[in-house]
Amino acid sequence: MTVVASAAPLRLSGLRKAYGEVPAVDGVELEVEAGSICALLGPSGCGKTTTLRLIAGLERPDAGEIEIGERTVNAPGRFVAPERRRIGMVFQDYALFPHLDVAGNVGYGLGRRPDRDRVAEVLALVGLEADARRPVHELSGGQQQRVALARALAPTPEVVLLDEPFSNLDAGLRDRLRQEIREILLNAGVTALFVTHDQAEALSIAETVAVMREGRVEQVGTPEEIYSRPASRWVASFLGEIEVVPGQAAEGRVECELGTFPAEQVEGPVDVLVRPESIAIGLNGPDGAAEAEVVNRRFFGHDQLVELRLRSGQVVRSRRLGFPAWHPGDHIRAWVDGPADVMPRDPVG
Amino acid sequence: MEAGAGAFGDAAAPRGRRSSLLSRRRPPLVILLAGVAIGACVILPAAYLVIVVAGDLGPALDTALDSRTAGVVGRTLGLAAAVTATSIAIALPIAWLTVRTDLPGRRLWATLCTLPLVIPTYVGAYLFVAALGPNGLLRDALGVERLPSIYGFSGAWIVLTLFTYPLVLLPLRSALRRIDPQLEDAARAMGRGPFQTFRSVVMPQLWPALAAGGLLVALFVMSDFGAVSILRFDSFTQEIYISYKSSFDRTATAGLGIVLVVLMLALLWIGSRIRSARATHRLGPGPARPPRPYALGAWRWPALASCSALVLIALVLPVGVLVYWASQGISAGSTSLSLAAGLAANSLMTGIGAAIAGGLAALVIAVLVGRYPGPLTRTIERAGHAGYALPGIVVALALVFFATRAVPILYQTLAMLIFALSVHYLPLAIGPIGAALAQVSPRVEEAARGLGRGPTEVFRTVTAPLLRGGILAGAALVFVHAIKELPATLILAPIGFRTLATEIWNQTSYGFYEASAIPALILLLIAAPPLYLLSERGTVAS
Amino acid sequence: MRVALSVALAATATALGACSATSPDSGGGPPEPSEQGITLYSGRIPSAIGGAIDMYEAKADRDVQVRFGDTGDLAATLVEEGDNSPADVFFAQEPGAIGAVAARGLLAKLPRDVLDRVPPQYRDPEGGWVGITGRARCIAYGPDVSRSELPPSPLDLTGARWKGRVGWSPASDSLQQYVTALRLRYGDDVASDWLEGMVANDAVDYPDNVAIRDAIANGEIEVGLINHYYVAQAIAAEGPDYPVSVYFPPAGLGSLLLLASAGVLQSSDRKEEAFDFLRSLLSPESQRYFTSSSKEYPLAEGVKPDPTLTVPLSGIPAPRGNLNDITQIQATIELMQDAGAL
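Protein sequence lines, in the order shown, are assigned to chains R, W and C. Sequential numbering from 18 applies to the first sequence in this note's numbering. Sequential numbering from 74 applies to the second sequence in this note's numbering. Sequential numbering from 2 applies to the third sequence in this note's numbering.
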């Protein structure tokens, strides 16, 4: 177990970067606690990779500040070169040095004459101590990724940045490696920020998730917060399936077809956002449960997705355990037994 | 997987070309200064022309705008276009046959088809006259009354094509090796036949290599003097020659020289339009698996026959004539092998010096253009082509002009000659190095930066080692051309410094062709190994 | 690693070689650079001047550093070098080149005794250069032509009899000098008419005189306008059965003498030694060397030409007017271009 001497917090404020007319990063604010893992999540083109490159010093921002720990590495009139930022980087295609072997790659950041013990230590951290002398092109994708991580960690950086680190791996490998990398990062105690478009990845690895859209951070929070209390309809739908049921809010409560929920500070027509896995169905339900008819059912083994038509005609989906087996035409009850979010009905959304 | 695609997955990135996204990326100071210094050096020949013309604008303008000049320009451009077209027509099938098919002995054919580059065009020209001219050896051998005329446009066209097409063949083979065969598989699966697939999938990826190689050929034709003089084709260089020999008036000649530079800039512009319009995507670092060779089947025989015919005409025939003459010479006792050894040593020194200087300079330029593109770096690269397009005598006179005024101590030293030759042939080396650089992902360099190394150190420890193959290939090209060069060598070499090229000239200028055979053969022998390496290794990504 | 090492070795070797201001002559023993050695720019190739240089070096115990090259290129270089030229002597194969150098004031005035070694028509009236050897224009003819058929003047080669049978080389300096001489003697119109006539008569264009000679030898053409010594050299090499012979047309400047001349550079620091060199070139021994090796005419007074040269120098018209005047040559070129010959 290796402890990084100085994990530092990361602070971005008012970060802006445009390419020509198009702003890629449009006023990003973010704080990452020292030693924690944060995911920058968003669709293609939202500016997450640009943000990463700005933090690394590979691009210059048009405006804004970046602080790593005590040091300001970016500010109006101040720019610290990438090699002086003490930041480790893991690229999507690993970017290993083809002309150096594994040990050579890992030791590169340790100076002209790298400490062999340190190299061995870091290689042991990622489980590749036996492959120190192998040329990198002989390694599998997963092994290359671990070399890339070891290389980034070897010089004890304050922050590690990872750019879609798992997208080049086979699906089967991906999940296992996600957990391994997470363990390594936590053990190393380093501040980590990784960029991904895969919400499952962000939710399962990170302690904090920042959702980005069109150059801005839409919401920051723990995975649970983001998932169950999305700040906007867009965030909600980006993170998973949602069902939107119209309702009416008055005096702190909202009524909709699937039941009644608390609703602070909203009045009038609202939308209730519910995840399919929070929609319970059964032959009988508690008071206030809606009447529904099964329209379709898809079975996935560990769960099933049931489409049901409510009395109003709206079709919602329920994702629950794989049994009992429902059939189209069954008359059932539906109600909400998980978190529900209430938002003013906004036609733009 | 295209390098760079992941890092900029943003759809907002305009045009998808990385270079346009790098606004205001400053190259490290050392490299920038080196680039500017090199730019200043390569611009000397053009600067000389401007200085001379500025001294007396009248005669220069008169000559430049003369109607006769227009006719010569037209003829020369016509020759350049014709030679470029036929060079491509030869190089493309050969490249494809030797890289993508199961042609028997294709590595050997690749080398043999590249070797004609070692034959200097002036040697090739007089060999052809000797073989096919009125007094031709072939005439006796074939027993015919009269052979088709070797002189004039057709002669220049054939001879120049035969000895410059390898300049297109080399980058084409290199490009073909880097193409991902999966695209073609996809096209075939969609029902396209082999020719259609080639035309619609492979050709677009080859345009940059075609443009680059074609440009080198066109500029070479415009600057060639020896061959067109022997074959009696009134090209631009002949005009320049007549002009300064008739009047020794530099201004009129300089006027013509400037016309030549303008033509060259126009050609460069056309070349870059072709490259940017057609470069649909950057070739990746190479396919994960080598492509399946295309089975020729019965087509193997015509393919072999064509390759044999080409090698016969472009290589066997010239070398054969030389060997024949050498044997005559030896039996008549008119050649000295010890003298030849000394000449070879001098040629080697010159060639290696120019190769090192040219290779290093091209490395700087290629890195500037590839990693830090901008108006300044593009100008430097274009300026470099001026030294290549101008005839050797103009480059030599430019350096005489500057050296005798600025650094007389270096005048007529080997260092100055090497400098002149590297300035003259620099653009040849930029191609292979640029191609190798395109295969090095910028992510790798960025990773090195993140690991705490400054830009210059990254260049030294990461970029340069990965460019080794390209640097060697570029240096080899410069070497081969430097040892063939004649007019600048005669003017700028130290007094008494004789090379194989000057010896060939000595012998042939009085018609002692037999005596020129041994130095010519030794020249070919020296130039062949680097060219073999170029053909074999230079095309494979390091 | 090995590659880097060999590259480093090569670079070191080259750097060492490059730093030396001059490089010893390869093939022979490196000559001791003498303090009073002179530098010669020679438009003549080694085999055409080597013997004379050896004679001088032996007699004067001085070193001659030679830059061989094309006469025109060397002249252009001298013009470009100006006062900074390292050359002491310039030996030009064509009059235009040395004329251009002289016109720019780059040649020193030669001492009287040097100039007086040759008759006045073979030297610069201003005293800048002196003729060393001469070569004569002629009509070379092949075995299928008898001497009696040959016209008394090259101007007659435009006749129908000679259609497609005459070889000439408009690109060569010697023909251009002939045309210049025609212009100066007979006027532009005569010269122009002749040029157009030759073109209309399908005169065959060759890159140089050697090609013409060879073409006659194998029967491709019947006659050609070249310089006499190419034939003389071939006969000397191949034997008296060589199929090409020489005829000096008595009229129309058909046997015009062209001079190879030498001068001393004004910028030279070693003028005395340079004058000595010219004296040596004009000495009987050197002149005999020139005439016997390259079959040219010796210009120094009192030297007999090689026995194979059957026509004496007195029978060959010297150039009248100034062939060395560059403006003349320029005008000639334009004339030839207008006539379609160039």
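Calculated directly from the structure, the hints in this document are not laboratory data. Check each hint, because a few of them may be wrong.
Unchecked claim - Among chain C residues calculated to face chain W with C-beta under 8 Å, some are:
#	residue
1	85
2	162
3	208
4	242
Unchecked claim - Listing some non-contacts, in silico: residues in chain R with all C-beta distances to chain W over 10 Å:
#	residue
5	128
6	251
7	297
8	326
9	340
10	341
11	354
12	356
By construction, the Cβ of each residue, glycine as well, lies at the ideal position given by its N, Cα and C atoms.
Check your understanding: Among the hints numbered above, which are violated by the structure, and what are their numbers in rising order?
Key -> Checked against the structure, the hints that fail are numbers 2, 4 and 5, while the rest are satisfied.
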